[in-house]
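Colleague: For reference, the chains in residue letters:
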Amino acid sequence: MDLHLTPEDRAMLDGERGLAVQMAMRILARMVPVYGADRLLDITAAHIDSALFQGDATLDYAERLAGLGAKVVVPTTLNVSGVDEHGWRAWAVPPEWAEKARRQMVAYQSMGCQPTWTCAPYQAAARPVFGQQIAWGESSAIVFANSVLGARTERYPDLLDICAAITGRAPAAGLHLEENRAGQLLFRLTGVPRALQEDDSFYPVLGHLVGKHAQDQIPVLDGLDVEPEEDQLKALGAAMASSGAVALYHLVGITPEAPTREAAFHGRAPSEIIDVTPETLRAARRELSTADGAKLDMVVLGSPHFSLAEFKKLAPLLEGRRCHPGVSFLVTSSRTVKALAAQAGYLDPLERFGGTVTVDTCIITTPMLPPEIQVIMTNSAKYAYYAPGLLGTEMVFGRLEDCIRSAISGKVERDETW
Amino acid sequence: MNPIQNPTILHGKVLVAGEAEGAALVGREPLSFWGGYDQHTGEIIDRRHPLSGAMAAGCILVVPASRGSSTTTAVLLEAICLGTAPAAILTATPDTYLTLASIVAEELYQKPLPIIALDPEDFALLETGQRLRVLADGRVEVAGALSS
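Chains as they are written, first to last, in our numbering: chain A, 198 to 615; chain B, 1054 to 1201.
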């Protein structure tokens, strides 16, 4: 396919809008055919995962763009960074890492990005609207924006999201286009009791199961008897985007592009129908844990970042109780939500419990955990999925209430009756 | 590069052009580099992936696609910068995440990594240990006869 550039695209590519714009457009233009597209389209917001420090190369990239004078041309939020800018000294973060990660944060802020530093920007800052064309990085945020909000973004990788923000352009491909948003696979809930559907832990487990099967296809889920809460949808999508590469899902009767099953599939037939049963859910739940003993070093909540509603729910569960001295209790969130939670009084029970909050980053994006942390319990499928590879820790997946119970007793306790 | 005698020749789609030679390392499942690839050593560290524990640095990595996190691109870029990346990557579908890492490596360091998308049928012919030679026009030479 030939590449069709507008006169303005061409001006950017030719360097008439400056060297930073030229570099961003050069990268974008090379990527257009890889996306199977022949042109670019306008985007009106961006969320940038590129600011996450991974090493000298991501820092080189940030400082190259910043040094060339790059400025974003659409409202742009920032995903997690490589360090809790003001809180890293309380943890095992090497000072050299903290300094380089901070330099990378400074570089992206110099381009005009908002210092939101969160993987859940839709709960801390900008929330795109239905049908809006956006360029978002961060897999869990992408799936939320597409599925729950009905905004339109491809699954943008690090390094490309910022090119879109600098040029205001993105490849006209994939989920930006209506015809590519139809459901492909049908997952039918079969014999899943309503009580289970109301349980928070149902959603990450279901997401893990669906993502593993769907990979990069668009799953449609039918048969839910309840209307999930926003944080349950957040957990569902984050899990699908970890075990698979799901960037859009439809929940029949719930998400905006799926008023009916027919609408979710754009009138076509599903390529495959998969029944989700309590048995397959139990198998998926088992996969989220790598440890099966009682040993416990840490409980961590908040991937994607904890919302204000989650802090509100957590606070009374911790009231009047105390974390075991052998267990660290951590919540990861954004600086915005932490400030709101503090003002609402939700952090006081957490502090009295012996827990702490880390912002800007999380346990898998900054080297904060000391080596003695070997077994971690979480209610997040994303943490459970990634930590064994990234941190070398053993993971135990469990319900929020079981995470708290275990933090108090100092050993893993799980009610797995479903 | 030394030519491979009597090779089987596969024709792939060039996503990033370049030449490379090495042993094939073949995994049939998509791989997230973030949480799946140690940029400091070149080891596959996704404990749920069939290639878990394999050293991919210098090999011709053959995986159907990347998967999961948007940070896959950054991890591959770091690995290219550190010299721990595969010598080339062959996929079964054009992969935007891996291709982008190579394009940015060319921008920053003039070190593009050859990325080739094969037809799924050709992809299925490759096995770990085969000696491969990747050419700039998208041809992939495979030593010996292939069982299919």
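Hints listed in this document are in silico derivations from the structure and should not be mistaken for laboratory results. Each residue gets a CB set at the ideal place from its N, CA and C atoms; glycine is no exception. Accuracy of the hints is not assured; some may be wrong.
Claimed, not checked - Label-pair distances were calculated between CB atoms; the ranges are:
id, chain 1, residue 1, chain 2, residue 2, range
1, B, H1093, A, E213, 49 to 59 Å
2, B, E1180, A, E548, 35 to 45 Å
3, B, K1164, A, G264, 31 to 41 Å
4, B, H1093, A, G607, 52 to 62 Å
5, A, T387, B, R1100, 29 to 39 Å
6, B, Q1058, A, E260, 25 to 35 Å
7, B, A1070, A, S307, 39 to 49 Å
8, B, R1101, A, A392, 26 to 36 Å
Colleague: Against this structure, judge whether each hint is valid.
Modeller: Each hint tested on the structure:
1. For the hinted restraint 49 to 59 Å between B/H1093 and A/E213, the CB-CB distance of approximately 41 Å leaves it violated.
2. Take B/E1180 and A/E548: their Cβ atoms lie about 56 Å apart, and the range 35 to 45 Å is violated.
3. Under the hint 31 to 41 Å, the C-beta atoms of B/K1164 and A/G264, about 20 Å apart, miss the expected range.
4. In this structure, B/H1093 and A/G607 break the distance hint of 52 to 62 Å, their C-beta atoms being roughly 34 Å apart.
5. Checked against the given bound of 29 to 39 Å, the beta carbons of A/T387 and B/R1100, roughly 31 Å apart, stay inside it.
6. Between B/Q1058 and A/E260 the C-beta distance comes to about 47 Å, which lies outside the given range of 25 to 35 Å.
7. With their beta carbons about 34 Å apart, B/A1070 and A/S307 fall outside the hinted range of 39 to 49 Å.
8. Checked against the given bound of 26 to 36 Å, the beta carbons of B/R1101 and A/A392, roughly 30 Å apart, stay inside it.
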